[in-house]
Amino acid sequence: AQSVTQLDSQVPVFEEAPVELRCNYSSSVSVYLFWYVQYPNQGLQLLLKYLSGSTLVKGINGFEAEFNKSQTSFHLRKPSVHISDTAEYFCAVSVPPAGRRALTFGSGTRLQVQP
Amino acid sequence: DVKVTQSSRYLVKRTGEKVFLECVQDMDHENMFWYRQDPGLGLRLIYFSYDVKMKEKGDIPEGYSVSREKKERFSLILESASTNQTSMYLCASRLTGVNTEAFFGQGTRLTVV
Numbered sequence: 001a002q003s004v005t006q007l008d009s010q011v012p013v014f015e016e017a018p019v020e021l022r023c024n025y026s027s028s029v030s031v032y033l034f035w036y037v038q039y040p041n042q043g044l045q046l047l048l049k050y051l052s053g054s055t056l057v058k059g060i061n062g063f064e065a066e067f068n069k070s071q072t073s074f075h076l077r078k079p080s081v082h083i084s085d086t087a088e089y090f091c092a093v094s095v096p097p098a099g100r101r102a103l104t105f106g107s108g109t110r111l112q113v114q115p
Numbered sequence: 116d117v118k119v120t121q122s123s124r125y126l127v128k129r130t131g132e133k134v135f136l137e138c139v140q141d142m143d144h145e146n147m148f149w150y151r152q153d154p155g156l157g158l159r160l161i162y163f164s165y166d167v168k169m170k171e172k173g174d175i176p177e178g179y180s181v182s183r184e185k186k187e188r189f190s191l192i193l194e195s196a197s198t199n200q201t202s203m204y205l206c207a208s209r210l211t212g213v214n215t216e217a218f219f220g221q222g223t224r225l226t227v228v
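Protein chains in written order, with my numbering: chain A, 1 to 115; chain B, 116 to 228.
Among the hints, erroneous ones may be present.
Simulated pairs of lysine-lysine, BS3-like, Cα-Cα distance not exceeding 27 Å [to be verified]:
| id | chain 1 | residue 1 | chain 2 | residue 2 |
| --- | --- | --- | --- | --- |
| 1 | B | Lys118 | B | Lys168 |
| 2 | B | Lys170 | B | Lys186 |
| 3 | B | Lys170 | B | Lys128 |
| 4 | B | Lys168 | A | Lys49 |
| 5 | B | Lys133 | B | Lys172 |
| 6 | A | Lys58 | B | Lys118 |
Since the hints were derived computationally from the structure, they do not count as laboratory data.
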């Protein structure tokens, strides 16, 4: 069975600093990977997704993620964060075959951007 | 704009009550899901449905049931609410396909007192 591990439950960072949120997955087959963001008291919205092709994926709000198959990682990065990036971030995986139709989510990382 | 709509943002119910959480999507997606979100535990799948009247248990189905009478609507039912079901509940929908994303509703924060 596949699983997703987000290594940091909380990441405090100062405004305009770079940030990396870490995600590792376990699967013996090819995977499709997603990052979602959840602002306070809201649902989840898609930041970016890796399906195939280039291992560097660009998403909304200046975020990007790099798929590393050998390290089974899909870390999320932003070169300069804003106060408005304060939110919870979830990594998720989808694994063929599609018998399990739901995405599997990590436990989330709370990004706290301080002025 | 694609949309998943949950009927309530906040609910307060008493222990033992039967609780209905409703979710509607307008994207003609085959698959719909109910997740529960608790601090430090991420999103845990309660039930999902891949077609009208079809359902499958997720990882934590105990104490819950679901209903899908129409393609666009998926209901989560707490047969007898308990305090340990106080949580954020998220509905999602998704096209069939391993490379498709899920779309989420705004969430329902349920408090059982």
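Query - Pair hint outcome, Lys168 of chain B versus Lys49 of chain A [Cα-Cα no greater than 27 Å] - result: violated (31 Å)
Query raised in the report: Does Lys168 of chain B lie within 27 Å of Lys118 of chain B when you go C-alpha to C-alpha?
Result: Holds: Lys118 of chain B and Lys168 of chain B sit about 22 Å apart, inside 27 Å.
Query - Satisfaction of hint between Lys118 of chain B and Lys58 of chain A, Cα-Cα up to 27 Å - result: holds (23 Å)
Query raised in the report: For the pair supplied as a hint, Lys133 of chain B and Lys172 of chain B, is the alpha-carbon distance within the 27 Å limit?
Result: holds (19 Å)
Report task. Starting from Lys170 of chain B, check that the Cα of Lys186 of chain B is at most 27 Å away, please. Result -> holds (12 Å)
Query - Pair hint outcome, Lys170 of chain B versus Lys128 of chain B [Cα-Cα no greater than 27 Å] - result: holds (26 Å)
In terms of the numbered hints stated before, the structure departs from hint 4 and from no other.
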